[in-house]
Amino acid sequence: MAGSQDPNENPVAINVVPMVDVIFCLCVFFMCSLKFKQLEGKFDSWLPKGKGIGAAGSVSALIEEIRVAMFYDDKTGKTVRQLGTRRVEDDATLQQLIKDAHDDFVRLNKPDTPVTIDAESRVPWREVITVMNLCKRNGIDKIEFAMGTAPPAAAKGGL
Amino acid sequence: MADKFKPPDVEENVGCNLIPMIDIMFLLLLFFMLSADMSQRDLEEVVLPQADQVKEDTKVRGTEEQTTVNVFHRLATGGFSCPVYSNAQDCRDLSHWLIAIRGKQFTTDTVKTQLQFEANLSLEDTVDPAAGKKLSKRKLMIRADQAAPYGYVQGLIQAAGEAGIYMIEVGAAAPPKP
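Heads up: the protein sequence lines correspond to chains L and F, in order. Per the working numbering, the first sequence starts with residue 1, numbered consecutively. Per the working numbering, the second sequence starts with residue 1001, numbered consecutively.
It cannot be assumed that every hint is accurate.
[Said to hold, decoys possible] With a straight-line cut-off of 30 Å between C-alpha atoms, the simulated DSS-like cross-links for lysine-lysine are:
id, chain 1, residue 1, chain 2, residue 2
1, F, 1104, F, 1134
2, L, 142, F, 1112
3, L, 35, F, 1055
4, F, 1177, L, 99
5, L, 99, F, 1055
6, L, 99, L, 78
Note that these hints are calculated values from the structure, not bench results.
Construct all of the structure, not just a fragment, from the sequences and the given hints.
Laid out in structure tokens, this is it:
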């Protein structure tokens, strides 16, 4: 019978204890290295091929963009968002304002007008992602990042 | 009377049968081996920002030409600690933020050289008429911590553009399902 411990039945007995030890060690190793994968996703943001760096900050006669400006307020530790001249507190209002502005461009037969995120370098990354998310909710895929302001000077070589 | 308590002649086998335990341990080992995704070595511990419109990343990492850049806060080890970040607040101390590609750390200056090197590994065959040069087929995935200063990501996008990498992806986490 398989698994029988009777030495008379199976004269060539194999000592399985070292094998059990090794398998146990391997089990412990893989258990410790197990990390449940976080459900990650991505936003595609293709850079314009022909425009070049800094072109987003160039001045044109007609403003054909929806620019969301973002500033970091040191006193409150919060991010201030501004669409045009209007400061927007909550996400729902900002989403509606972006939608209205986009609809205006669609009526002008310019549906590819981008939303440009012009954020200060100290703004937390999640605030930028929030604005990108609001654009995606409105079905706007063309999102650009303004490259006008330089990265923080203290970061250069300071890491 | 004494015969009444005499032990039976047949020797009872009380040995432990190890075979079922070995079977189970083999199964456990197989499960842990298969679930250990070694391809995630290029991913640092990053708290990604949440977004409900995020596109699920279905590709298996390493199957296409992609460079993953991580922007993350320094871990609280070796006597270092940041009470601001530990209390889930936005740490604005730039010296606490790190950039890493495949586990190797870079500064905002040295990462430019690395991105140029990565871009040159997979250049397109033809010169792009709009850009006037050969662009890179490589994708750049930016996995930045939700509290990371935007300036870091901005610098990376700028460096990628200069290196000829135009396919940028930014990482975000899907919110937990209710």
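Distance restraint between residue 142 of chain L and residue 1112 of chain F, which requires alpha-carbon spacing of 30 Å or less: 26 Å, holds
Hinted pair residue 99 of chain L and residue 1055 of chain F, Cα distance within 30 Å: 21 Å, holds
Proposed proximity, residue 1134 of chain F with residue 1104 of chain F (alpha carbon, max 30 Å): Judged against 30 Å, a Cα distance of about 27 Å means the pair holds.
Pairwise hint evaluation, residue 99 of chain L against residue 1177 of chain F, where the allowed Cα distance is 30 Å at most: This hinted pair holds, its Cα atoms lying about 26 Å apart.
Restraint check for residue 35 of chain L with residue 1055 of chain F, where alpha carbons must lie at most 30 Å apart: 22 Å, holds
30 Å limit on alpha-carbon distance, applied to hinted pair residue 99 of chain L and residue 78 of chain L: The given pair, whose Cα atoms are some 24 Å apart, holds under the 30 Å limit.
Consistency note: the structure conflicts with none of the earlier hints.
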